[in-house]
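Each chain, written out:
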Amino acid sequence: MVLDDVAIRRALVRIAHEIVERNDEIRDLYLVAIPNGGVPLARTIASQVREITGIELPVGILDTTLYRDDLIARGERPPLRRTEMPSAVDDRVVVLVDDVVSTGRTIRAAMDALMDFGRPRGVQLVGLVDRGHRELPIKIDFVGKNIPTQRGERVELRGTSGDLEGALEVVVHGEPEGAAEARA
Amino acid sequence: MMGRDLLGIEDLDRADLERILETAERMQEVGRRDVKKVPTLRGRTLVNLFFEPSTRTRTSFEIAGKRLSADVVNFSPSSSSLTKAESILDTAMTLDAMAPDAVVVRHKVAGVPKRIADALAAPVINAGDGAHEHPTQALLDCFTVKQEKGRFDGLTVTIIGDITHSRVARSNLYAFSKLGAEVRLAAPPTMLPAGVESLGAKAYTSLREALEGADVVMVLRIQQERMEGCFFPSIREYAATFGIDRKKLRYAKDDVIVMHPGPVNRGVEIAHDLADRRPSVILDQVRNGVAVRMAVLYQFAGRPATREG
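For the protein sequence lines, the chains are A and B, in the order given.
So the first sequence is numbered by my numbering: it starts at 1 and just counts up by one.
So the second sequence is numbered by my numbering: it starts at 1 and just counts up by one.
Derived from the structure by calculation, the hints contain no laboratory data.
Quantities reported herein were computed from a predicted structural model and do not represent experimental measurements.
Watch out, some of these pointers could steer you wrong.
Non-contacting residues of chain A with respect to chain B, defined by C-beta distances greater than 10 angstroms in every case (computed) [stated by the list, open to error]:
1. Val20
2. Asp28
3. Pro58
4. Leu66
5. Ile72
6. Val93
7. Gly118
8. Arg134
9. Pro148
10. Gln150
11. Arg151
12. Glu153
13. Gly159
14. Val171
15. Glu175
Here are some chain B residues pointing at chain A (derived, C-beta under 7 angstroms) [as the list claims (entries may be wrong)]:
16. Arg26
17. Gln28
18. Leu192
19. Gln299
20. Gly302
We put the beta carbon where it would ideally sit given N, CA and C, even for glycine.
Pulled out of the complex, with its shape left as it was, chain B reads as follows:
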């Protein structure tokens, strides 16, 4: 059963995930209407608390909140007193005193949303914390796959990129495994954390083997600034060996789809001509993000202020 906060996919079970995906399908219908707004969260306040810059996730939550008629307040460190060395929790408590009905948190450090949730009366939705989780991204990825494939059982999902530092990979690994798909992780050895197999995934350092028979190829963004370090010799070498192009895709199933959480580094992890066209569904992912976040807000925002335990 779902708790009061959405901190990670790890805390959800299959029934929870299916419930959210089904709700998202209904929300998608709202988005196709002439008047794309329902009064569900009228008079409720949603706070977007983003300590780390993000355009698409924040915008997506903002649109989702507005379509449900919530008042949406965006709060980001540059425009706040955080620069005056106010601590994260103090900031969150100040916001909480304004009685929001949900707080969406992004922070570069894993575990911050949990810390904030423990301190606040309002439900907290994690919008990405360090290398920990990014649950709504995984939910919209699952939603996109469900729309494309109609099922999860028997599907093979191959996630490619810097697995070690990716909250998207981690949340998707939990989500797709719980829904019954097989998850493969492919990366150069320096980007594959030890022990991923204990989480139910198969790890590959050969891209070709990882792609063999894949139904879904999920390409992660390569953080160029990390490449400066010791993880991989050069961008060009990464693009040559792990970058996805139409030629490498031939190892996958004929009806494979290619996903990417964005923003895309064209010509690095994904070829130029692949990013905008089938089999890539990157723009569908963005579109689906709004419906999925509406479903999440429907499920989590504005619960009565009693916290378990």
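So that you can see chain A by itself, here it is in the shape it has in the complex:
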């Protein structure tokens, strides 16, 4: 385990403060979570922003699966997750919230999806974990923790009790590409 629930919470409190500092018009912000991991994180950030400013930010959920660039080639189709966008994105500053940012392809997909919902005034990005290996020019505005990893390893946000409702933790599993061959 690389981040426990306390560390995750602390990171999100700090990120909430940074979001408030960075933006003049708090009322124009719109938190949009990338499921599944982004959802509990966005909710926590929203409640922190409320504590700091007294302003209740809308929280949307945006599935990126239908916008992926590797879907048809893969053959097998991943299950779709839900999309709920309760407010219009036009003229708002959308803060995308994802758990683990790596290649940047999910964020590219999320931005394309977002533009189909309207024309935001700006888009900012929260990544709880930045694990590197970027393949696209995507930058995280508010990062929880940089966790350098090898390709082949997997970084995952999960609930300690099986779902994402309760305590959370970030774990690294799998092993670097080539590690098994190196041992043999």
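Please build the complex by placing chain B on the supplied structure of chain A, with the hints as guidance.
Chain B in isolation, oriented as in the chain A frame:
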């Protein structure tokens, strides 16, 4: 597990059906957006190959394909060289040479989609073949019931009409049974095939008994041209004994819903005042057809060109 083609509900298991229905729910959200289009099948080609006329199923597939950004080509015999005695398989092979990512087939003869699937590289989706199957109709019917009732276990679904000649009845029988509902088939004896009970349904020749406690009443279209034959004495007699109206519906549950695959013969299998209003959900079925076909295309279109076996 789902194969590469969707030829019938018979080939799917409960998990497959649930997966498609859940995907359809997500697709329905896309249909509620301002921009009702996602780039999932961009650059892919969908061919609608309809040897038998159909407006709603073809249109529904066309809209579904376009909402997923596929290029949709409609091909129907009247506008093709089929009239020049080109065989069905030759036609399909010609289309296949244009490298479509999915071919949607309707034909009046059972088994044609399977024959075409065996010959083509592209995945084939059956849009109705003879009296065999019409899987996407059954899926949209299940989707409509799920939206209305929230479950399948413990539900009673009564299908009424010419069961023998109905691909809709057959696909729905498989689908609802696999999902855990009880399926009853009601028809005059000449329209009830022998042996339906081996498929897990209960057969009734008394409409009243079949309706007793039903949660869902599915009314099939009566093919008037078949009535000319020997299946039933007259349209009027069919309407009187098996036609569904509000009075007969009283035998069913209070919250019964009435479905029909369309197009409706008002005053024959369903009363005029019942077709457009609750408890009838016929227009919801049409609406849901697009989301369900998007889910089917998502699941089946554009798979890599390797065929098992």
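Hints, one by one, checked against the model:
1. Val20: At roughly 30 angstroms from the nearest Cβ of chain B, Val20(A) sits farther out than 10 angstroms, so the non-interface label holds.
2. Asp28: holds (20 angstroms)
3. Pro58: Label holds. Min Cβ-Cβ 17 angstroms, cutoff 10 angstroms.
4. Leu66: Given a closest Cβ separation of 4 angstroms, the condition is violated.
5. Ile72: violated (4 angstroms)
6. Val93: holds (20 angstroms)
7. Gly118: About 7 angstroms separates Gly118(A) from the closest Cβ of chain B, which leaves it inside 10 angstroms; violated.
8. Arg134: Non-interface label on Arg134(A) holds, nearest chain B Cβ at 22 angstroms vs cutoff 10 angstroms.
9. Pro148: holds (33 angstroms)
10. Gln150: holds (29 angstroms)
11. Arg151: For Arg151(A), whose nearest Cβ neighbour in chain B is about 24 angstroms away, the distance exceeds 10 angstroms, so it holds.
12. Glu153: holds (27 angstroms)
13. Gly159: Holds: least Cβ distance 21 angstroms, greater than 10 angstroms.
14. Val171: holds (27 angstroms)
15. Glu175: Correct as stated: the minimum Cβ-Cβ distance to chain B is 28 angstroms, above 10 angstroms.
16. Arg26: Arg26(B) check passes; min Cβ-Cβ to chain A is 4 angstroms, inside 7 angstroms.
17. Gln28: With a closest approach of 11 angstroms, the Gln28(B) hint is violated.
18. Leu192: violated (39 angstroms)
19. Gln299: holds (6 angstroms)
20. Gly302: Holds, because the Cβ-Cβ distance from Gly302(B) to chain A comes to roughly 4 angstroms (cut-off 7 angstroms).
Hint check: violations occur at hints 4, 5, 7, 17 and 18; the rest are consistent with the structure.
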